[in-house]
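In the order they appear, the protein sequences are chains A and B.
Quick note on numbering: our numbering labels position 1 of the first sequence as 1, and the sequence is numbered without any gaps.
Quick note on numbering: our numbering labels position 30 of the second sequence as 182, and the sequence is numbered without any gaps.
Please keep in mind that the hints were generated in silico from the structure rather than gathered at the bench.
Note that CB positions come from ideal geometry on N, CA and C, so glycine has one too.
Just so you know, not all the hints are guaranteed correct.
DEER-style ranges, computed between Cβ atoms [claimed, not checked]: (1) ILE216/B <-> SER138/A: 44 to 52 Å; (2) SER161/B <-> SER138/A: 46 to 54 Å; (3) ASP177/B <-> LEU78/A: 30 to 38 Å; (4) THR144/A <-> PRO162/B: 46 to 54 Å; (5) THR164/B <-> SER152/A: 41 to 49 Å; (6) SER172/B <-> ALA49/A: 49 to 57 Å; (7) GLU104/A <-> GLN230/B: 47 to 55 Å; (8) GLU104/A <-> ILE216/B: 17 to 25 Å; (9) TYR250/B <-> GLU104/A: 16 to 24 Å; (10) THR144/A <-> ASP177/B: 22 to 30 Å; (11) PRO162/B <-> LYS91/A: 50 to 58 Å.
For the chain B half of the interface with chain A, some residues (derived, Cβ under 8 Å), not all of them [what the hints assert, rightly or not]: (12) TRP175; (13) LYS201; (14) MET206; (15) ASP208; (16) ARG221; (17) MET222; (18) LEU225; (19) ARG226; (20) ARG229; (21) LYS240; (22) ALA247; (23) GLU249; (24) TYR250; (25) ASP251; (26) SER252.
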Amino acid sequence: MATGAAEFKQEMPPPGGYKPIHYQRIPARQYFNGWTLFGGYVVMTAGAAYLYYLNCKVVQQEEIELRSASFAIYPMLLAEKDRAFLKQLRKNRDEETKLMANVEGWKTGTWYGEPIYNTMPKDKLLIPRAQEYYVHASFKDFTTRAYISLLS
Amino acid sequence: MSLSPWLKSPFTDLTGAIVSHQWYDECADIELKALDCLEAYGLDRGIKKCDTLMKDFTECSLKIKQFKRMFALRFERQRQYLMGERSKEDHYAKAPEYDSY
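Whenever a hint applies, use it, and build me the whole structure from the sequences.
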């Protein structure tokens, strides 16, 4: 017999009882089956191949034209490079003459009078190393050329 | 001047390096001339008789004089600048075109 101030209420199931517990598997909803996927792949490939076919000839012709143009101007660019190279060698020589004008015993193109090669003809063109090519320019210019791959 | 190793073992020839300038280098001709001369005269006479050719080949291979020249030019330029004989604009020459070398 309850004689307390608040009346205790026992927790009971809802009226009508609990609903049944669903324990069966719920599989995922399938949109396509395997054969549909294969078919879709074939259809997509066929469509893409058709679009490629519409454009591929033009693209190849453009590539051929660009290559032809490159081949055509390459000798001219090479010739320009060689001309610039020789002009720069002349400038280097003049700069050296100007620089070492007051140094005694120095003759342009030699090491204090001693020629570099004894067995070669005196007018043989000696291709300089890169450092020697840039000897009259600042070191920064030399590094710009040395690391030219960083610029392109 | 000795051209063969001091101690020869089976490994000497197995792992020896064959280094030559004959791969279409600029020093190929002068190397051939120097070595032909040495072969013709032998080692003892050859190092006296072929001295010019060998010196030229050494110079071509190691670029000793050309680098010494380069250092001398550079040093002289810096010396002139520091002593005040060169102005600041004149310190270095204009750079060559970067695609010309």
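Hints, verified against the model:
{"no.": "1", "hint": "ILE216/B <-> SER138/A: 44 to 52 Å", "in the structure": "25 Å, violated"}
{"no.": "2", "hint": "SER161/B <-> SER138/A: 46 to 54 Å", "in the structure": "52 Å, holds"}
{"no.": "3", "hint": "ASP177/B <-> LEU78/A: 30 to 38 Å", "in the structure": "21 Å, violated"}
{"no.": "4", "hint": "THR144/A <-> PRO162/B: 46 to 54 Å", "in the structure": "51 Å, holds"}
{"no.": "5", "hint": "THR164/B <-> SER152/A: 41 to 49 Å", "in the structure": "46 Å, holds"}
{"no.": "6", "hint": "SER172/B <-> ALA49/A: 49 to 57 Å", "in the structure": "55 Å, holds"}
{"no.": "7", "hint": "GLU104/A <-> GLN230/B: 47 to 55 Å", "in the structure": "19 Å, violated"}
{"no.": "8", "hint": "GLU104/A <-> ILE216/B: 17 to 25 Å", "in the structure": "22 Å, holds"}
{"no.": "9", "hint": "TYR250/B <-> GLU104/A: 16 to 24 Å", "in the structure": "35 Å, violated"}
{"no.": "10", "hint": "THR144/A <-> ASP177/B: 22 to 30 Å", "in the structure": "27 Å, holds"}
{"no.": "11", "hint": "PRO162/B <-> LYS91/A: 50 to 58 Å", "in the structure": "56 Å, holds"}
{"no.": "12", "hint": "TRP175", "in the structure": "17 Å, violated"}
{"no.": "13", "hint": "LYS201", "in the structure": "14 Å, violated"}
{"no.": "14", "hint": "MET206", "in the structure": "10 Å, violated"}
{"no.": "15", "hint": "ASP208", "in the structure": "5 Å, holds"}
{"no.": "16", "hint": "ARG221", "in the structure": "5 Å, holds"}
{"no.": "17", "hint": "MET222", "in the structure": "5 Å, holds"}
{"no.": "18", "hint": "LEU225", "in the structure": "5 Å, holds"}
{"no.": "19", "hint": "ARG226", "in the structure": "6 Å, holds"}
{"no.": "20", "hint": "ARG229", "in the structure": "6 Å, holds"}
{"no.": "21", "hint": "LYS240", "in the structure": "12 Å, violated"}
{"no.": "22", "hint": "ALA247", "in the structure": "4 Å, holds"}
{"no.": "23", "hint": "GLU249", "in the structure": "5 Å, holds"}
{"no.": "24", "hint": "TYR250", "in the structure": "5 Å, holds"}
{"no.": "25", "hint": "ASP251", "in the structure": "6 Å, holds"}
{"no.": "26", "hint": "SER252", "in the structure": "4 Å, holds"}
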